[in-house]
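Start from the sequences, fold in the hints, and give me the full structure.
These are the residues of each chain, in order.
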Amino acid sequence: MNIVAIGLALDLAFGLLALAVAVFALRARTTYAAVVGFVSFGVLLALVWFRLGAPDVALTEAAIGGGLTGLLMLNASAVLRATEAAAAAEPRRPGVRLVALLAAATVAGGLAAAVLALPSPAPTLAPLAVAGAPATGLGNPVAATLMAFRATDTLLEMVVLVLALVGVWSLTRDDLWGGRPGRRHQADSKGVLVFFARLLLPVGVVFAVFLLFVGADQPGGAFQGGTVLAALWLLAIMARLADTPAIDQRWLRFWLIAGPAVFVAVGLAGLAFGVGFLGYPEPWAKPIILAVEIVKIVSVGVTLALLVAGPPMRPRGDDR
Amino acid sequence: MTPLQILSAVLIGAGVFFFVAGTVGLLRFPDTLTRLHALTKADNLGIGLIVLGLLPFAANALVALKLILIWILVLLASSTVSQLAGFAARREGRQR
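Those protein sequences? They're chains L and P, same order as listed.
The numbers in numbering that gives the first Met the number 0 rise by one with no breaks, and the one at position 312 of the first sequence is 311.
The numbers in numbering that gives the first Met the number 0 rise by one with no breaks, and the one at position 59 of the second sequence is 58.
I should point out that these hints are in silico values taken from the structure, not numbers from a laboratory.
One or more of the hints may lead you astray.
Claimed, not checked - In silico DSS-like pairs for lysine-lysine, Cα to Cα no more than 30 Å straight-line: (1) L:Lys285 <-> P:Lys40; (2) P:Lys40 <-> P:Lys65; (3) L:Lys285 <-> P:Lys65.
Said to hold, decoys possible - So the derived label-pair ranges between C-beta atoms look like this: (4) P:Pro29 <-> L:Val263: 56 to 62 Å; (5) L:Val78 <-> P:Gly85: 21 to 27 Å; (6) P:Ile71 <-> L:Pro133: 33 to 39 Å; (7) P:Leu54 <-> L:Leu18: 33 to 39 Å; (8) P:Ile71 <-> L:Glu89: 33 to 39 Å; (9) P:Arg89 <-> L:Gly166: 36 to 42 Å; (10) L:Pro314 <-> P:Pro29: 41 to 47 Å; (11) L:Pro122 <-> P:Arg89: 39 to 45 Å; (12) L:Val213 <-> P:Gly92: 33 to 39 Å; (13) P:Gly85 <-> L:Arg80: 20 to 26 Å; (14) P:Asn59 <-> L:Leu18: 48 to 54 Å; (15) P:Ile11 <-> L:Arg182: 43 to 49 Å; (16) L:Ala116 <-> P:Arg89: 54 to 60 Å.
For each residue, glycine too, the CB sits at the ideal point set by N, CA and C.
Shown next as structure tokens:
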């Protein structure tokens, strides 16, 4: 067997496995099992993206698609566990299921038709992005696309994250507004989790900064680095080395909006200097992008961690 | 095949064996603690042997160091998680 055939077999195996896991997640009887299926699906999908030569997408899928979204769903399934039996006992409404099936089939069919209708080779702007990347001072054309050519998309993604957090916070009970998110965690101060957190935190921070800087020339960047920071913060909270901050703290609000705000400020400055919204004057492109990315990694980290932490559940005085 | 390639193939093959064995154990063993026992063999020996097998073919010393770092981090994470899962299983007294 030559290397091409092995690669093809591997791709087929990943594709079929991903489909099988997707079916498992949809058919699972409990919410918890479905979430486990969803996370496994995310990992498999990351492998598929990697095999397609898109390591940037693979990293994001593994960190945000599988990891962070999976964690959010895991939390949700824990909250819903008490109502699971009642929900399962409800009479099934075949009409609703039929409508859902039709809607899903229409979307999937439309997407499939669109992909199949593409001429071969598919139209692409990739050569343009690769040719234009040196002007931004970035060696990774994906980073150049996200931070320069399509910077508006990236800006809006950051705004969406903040909006999602506003949505989560809006579920707060009135008397707990301004309190601390999540329940109080139990942890043995001499236990393995605390040991693990103490050991991993410094290593993880170095890794997050590494991801940020390596993102200029290789797969990585502020989003992936921010996800690592968020995970570390949550680990410290779970190990009770830190507590979730009360959500009315000034510094917290500041870092939530710092990323999008700096991005917008840079965009407006581009207008003032005549290079257009979110355009960068050429010799300054790399330092400006780096500055935005440094603020962004903190903002993304804080926002993602608070998204997972959920709405406030205890008054702000409720610390240890 | 050079001797180095043969050594590498043997090490990676052994690593894959431990992964398969660990997975079979995870699926077949009767309760949480024995399943954890099977799983940690896959994590420790499986990844360790595969990293050892890949080391001779690392492009440079930096890549080799990263491979070893991955191994150490996986060891650390899997041993912590299996401890926590073991504690949780004992606390709930539910040894399914």
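Hint-by-hint comparison with the structure:
1. L:Lys285 <-> P:Lys40: violated, 46 Å
2. P:Lys40 <-> P:Lys65: holds, 22 Å
3. L:Lys285 <-> P:Lys65: Within the cut-off at roughly 27 Å; holds.
4. P:Pro29 <-> L:Val263: 56 to 62 Å: holds, 58 Å
5. L:Val78 <-> P:Gly85: 21 to 27 Å: holds, 25 Å
6. P:Ile71 <-> L:Pro133: 33 to 39 Å: Holds, since P:Ile71 and L:Pro133 (Cβ atoms, about 37 Å apart) stay within the stated range.
7. P:Leu54 <-> L:Leu18: 33 to 39 Å: holds, 35 Å
8. P:Ile71 <-> L:Glu89: 33 to 39 Å: violated, 49 Å
9. P:Arg89 <-> L:Gly166: 36 to 42 Å: holds, 38 Å
10. L:Pro314 <-> P:Pro29: 41 to 47 Å: holds, 46 Å
11. L:Pro122 <-> P:Arg89: 39 to 45 Å: violated, 59 Å
12. L:Val213 <-> P:Gly92: 33 to 39 Å: violated, 47 Å
13. P:Gly85 <-> L:Arg80: 20 to 26 Å: holds, 22 Å
14. P:Asn59 <-> L:Leu18: 48 to 54 Å: violated, 38 Å
15. P:Ile11 <-> L:Arg182: 43 to 49 Å: The hint (43 to 49 Å, Cβ to Cβ) holds, given that P:Ile11 and L:Arg182 are roughly 44 Å apart.
16. L:Ala116 <-> P:Arg89: 54 to 60 Å: Given a distance of about 57 Å, which is inside 54 to 60 Å, the answer is holds.
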